[in-house]
Amino acid sequence: MSLHPMYARPRDLEQASELLASLSSGAVIIAGGQEIMPYINYGVMMPDVYVDIGGIDALRGVSAETDEVSIGPLTVHRDIQNIEEIVETLPLLAYAAKQIGGGMQVHNRGTIGGNIVAMHPLYDIAPALLALEADVELLSEKGSQRMSLAELQDLSNHGLGTSSILTKILVKPMSPTTLWGYYKLKNSAGAYGSANAAVVIQLDGENIKSIRVAIGAATEKVVVVSANLDSYLGGPYSSEVGLAIQKTCSDAIGEPLSDQQGDGVWRKAMAGVAARRATEMALGKLNNSSSNG
Amino acid sequence: MEDLLDISALIQLRVDGQFHELDVLPSRTLLDVLRDDLGKKGTHLGCKTGHCGACTVMIDGKVAKSCITMAATLSRAEITTIEGLADDDGSMHPIQQAFWDEAGLQCGYCAPGIVLSSLELIQNNHNPSTKDMEVALAGNLCRCTGYQSIKRSVTEACVRMYPEEK
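Residue numbers (our numbering), protein chains in the order written: chain A, 80 to 372; chain B, 7 to 172.
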């Protein structure tokens, strides 16, 4: 901690990586700053060095290939919502980015990379990306490494820190026949969710061929529910199946969070409700009174 | 690598049309620089957590919360504050006049942020729906005026800014 911190703005990834490796501790990486500035303003974080990665071009840009969409971590939420390649290939991600709290001001400056590396349980990007089975690419002094976002989440307890830099988010494009839904249960427009559920479904005719649910804001880490839902495969969706999915997803919540967004018992219950409503949204069955727009 | 580290950062800002070259300490916010260094007191400090939106300004034409924007990260930027909207002769911008005429502000503390968020909305969408306004203003809290007169002011501002489209 320092009252007189230093500042560095590396020009490229190599320089940033070398710099971070040379700093023993007390450094933070900053780009949009929307995650860490509140902590700095209130003295919760007092870094010795700010490493500003905002000038590194390699961390910008989106490219959509047939088999993979690559998203630069400096892409701001507003662009995730609007860039044509993302809206067309990853509509679930574009929709989830719209649900991020803080208003347009935060959407204009906050980056997808910052949202991911913060590993904050209430954030909206991770459930969408985990439902889409996204990968991430990281750069550390050991070199570049690709892993699934699920694996990164398992490895990290309180964010990514400065041991490595997130360099790419890699997602398989959604097929046009993939159905998707995202439901954020929240108290007011700009608020954090009490339960955030992302759902990806494939149908075979009327029958459910596959379903994958990722639930955020209910536990310390986003919970992915997939294998537990196998018993609903092969049959059509009905309100009974919806309630059963709700129960299965609620049961998957081990130790629920208990904070300003609601107490644990309620959060566990709402995790299931959000999952059911996201499923109904995917299937076009969510009525308007319970829609969160 | 040591030579990359500095105790401050040199930034170039064009604020409300005026160019400034500033040497800023890291961890100072854009809000600090605007209010304390440049005297732009129209940009208000509310929460310092990014929740209330009273500190909203435009960075390169897009709204941002200046209290959670680190000034050092803006190596070159164009900033518009509420003080940059009026004409040189002091006459108000049509959106300011619409807020005045439609009672879109009471105590006025949130007003600079609300006006700038509304301005970005109107510039991108000349005929916003109520839902569009709610989305655009989700990052601005008002505790006394009430959002009904704010929405009325936004609608009136659209008429005044783009009369040919009405």
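Derived from the structure by calculation, the hints contain no laboratory data. A few of these clues could be false.
Partial list, computed: chain A residues near chain B (C-beta under 10 Å) [to be verified]:
hint, residue
1, PRO89
2, SER103
3, SER104
4, GLY105
5, VAL130
6, GLY133
7, ALA137
8, GLY140
9, HIS186
10, ASN266
For every residue, glycine included, the Cβ atom is placed at its ideal position computed from N, Cα and C.
| Proposed interface contact between SER104 (chain A) and chain B, which counts if any beta carbon pair is under 10 Å | Nearest chain B Cβ about 15 Å off; hint violated.
| task | Answer holds if the nearest beta-carbon of chain B is closer than 10 Å to that of GLY140 (chain A); otherwise answer violated. | result | For GLY140 (chain A), the interface hint is violated, since the closest Cβ of chain B sits about 18 Å away, which is over 10 Å.
| query | Does the nearest C-beta of chain B fall within a distance shorter than 10 Å of the C-beta of GLY105 (chain A)? | reply | violated (12 Å)
| task | Using Cβ atoms only, decide whether PRO89 (chain A) comes closer than 10 Å to chain B, and label the hint accordingly. | result | Holds, because the Cβ-Cβ distance from PRO89 (chain A) to chain B comes to roughly 6 Å (cut-off 10 Å).
| task | For the hint on GLY133 (chain A), just tell me whether its beta-carbon gets within less than 10 Å of chain B. | result | holds (5 Å)
| Interface hint outcome for VAL130 (chain A) [beta carbon to chain B under 10 Å] | Because about 9 Å separates VAL130 (chain A) from the closest Cβ in chain B, which is inside the 10 Å limit, the hint holds.
| field | Hint status (Cβ of HIS186 (chain A) to nearest Cβ of chain B, threshold 10 Å) | value | Holds, because the Cβ-Cβ distance from HIS186 (chain A) to chain B comes to roughly 8 Å (cut-off 10 Å).
| Regarding the hint that ASN266 (chain A) lies at the interface with chain B, is the smallest CB-CB distance below 10 Å? | violated (13 Å)
| request: Closer than 10 Å between Cβ atoms is the bar; does SER103 (chain A) clear it against chain B? Give me holds or violated. | output: violated (12 Å)
| query | Taking 10 Å as the limit, does the beta-carbon of ALA137 (chain A) come near enough to a beta-carbon in chain B? | reply | Status violated, d = 17 Å.
Of the numbered hints given earlier, the model fails hints 2, 3, 4, 7, 8 and 10; all others are met.
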